[in-house]
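Throw the hints in and build the complete structure from the sequences for me.
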Amino acid sequence: MVTERRIPGHARSGLKHWVLVAAGCAAVVGGALGATSATGAVTAGQAADGPTAEPAPPAATPLPEVDPAKADLPLECGPFPVAVSLKAAAVLDGAPVTVAAAHCQADMGTPPDGVFLLAADGAPVTLLPDSEGLTVTELAIRSDGSVRGTARGYSSPDVPRFSPDLRVDLTWTRTAGTWTGNETRTPVHGA
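So the sequence shown is numbered by the working numbering: it starts at 815 and just counts up by one.
Everything labelled a hint here was simulated from the structure, so no lab data went into it. Since we're looking at a predicted model, the values are computed, not measured. Where is the CB? At the ideal position from N, CA and C, for every residue including glycine. It cannot be assumed that every hint is accurate.
What the hints assert, rightly or not - Derived CB-CB ranges, DEER-like:
(1) Asp935 / Thr1000: 36 to 42 Å
(2) Phe976 / Gly838: 34 to 40 Å
(3) Phe894 / His1003: 32 to 38 Å
(4) Thr940 / Ser969: 19 to 25 Å
(5) Pro888 / Pro910: 16 to 22 Å
(6) Glu952 / Pro895: 21 to 27 Å
(7) Glu997 / Arg975: 15 to 21 Å
(8) Asp972 / Trp993: 29 to 35 Å
(9) Pro910 / Ser969: 34 to 40 Å
(10) Thr985 / Pro910: 18 to 24 Å
Right, dumping it as structure tokens:
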């Protein structure tokens, strides 16, 4: 007697299965392509009191920016070069500006970042000194003219440098020509 071995229905893959897999992959790729990255694309939003960012020009026209590589960033790097890890550009009050997270480029480890606001007609404004010991992971200029960022940090000097245990949400706003910062530190669970 020959017994027929049947594969259960949930283990068989047919046309319906592959159509659903293809649709799921297309949704993930489409979502990734449509997401705004931390490159500084400014989206339209509600107007707020104070400085406002003009909407980004059409995609065919590059957004004007101040080149961080040409700026004299206030970092004490000794013999090491300055590396810009993130930047975002916008037009604030009719002039191009760039906000950049930069650190001293070392051969080993992850040096802390400083965050600087660069305008074509002036010295860089330090929003976050590198002495804070944070590694900036996201940076953007919002449509209301504020600068937002996210960083990783440490709750004490005893925390190993390879395992940051804090998430730091950063916000800078300009009032009467002066930039003020605000941060929220949240413990990272499982760190």
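Verification of the supplied hints:
no.: 1; hint: Asp935 / Thr1000: 36 to 42 Å; result: holds (37 Å)
no.: 2; hint: Phe976 / Gly838: 34 to 40 Å; result: holds (35 Å)
no.: 3; hint: Phe894 / His1003: 32 to 38 Å; result: holds (34 Å)
no.: 4; hint: Thr940 / Ser969: 19 to 25 Å; result: holds (24 Å)
no.: 5; hint: Pro888 / Pro910: 16 to 22 Å; result: holds (21 Å)
no.: 6; hint: Glu952 / Pro895: 21 to 27 Å; result: holds (24 Å)
no.: 7; hint: Glu997 / Arg975: 15 to 21 Å; result: holds (20 Å)
no.: 8; hint: Asp972 / Trp993: 29 to 35 Å; result: holds (32 Å)
no.: 9; hint: Pro910 / Ser969: 34 to 40 Å; result: holds (38 Å)
no.: 10; hint: Thr985 / Pro910: 18 to 24 Å; result: holds (22 Å)
Going down the numbered hints, you'll see the structure goes against none, and every one checks out.
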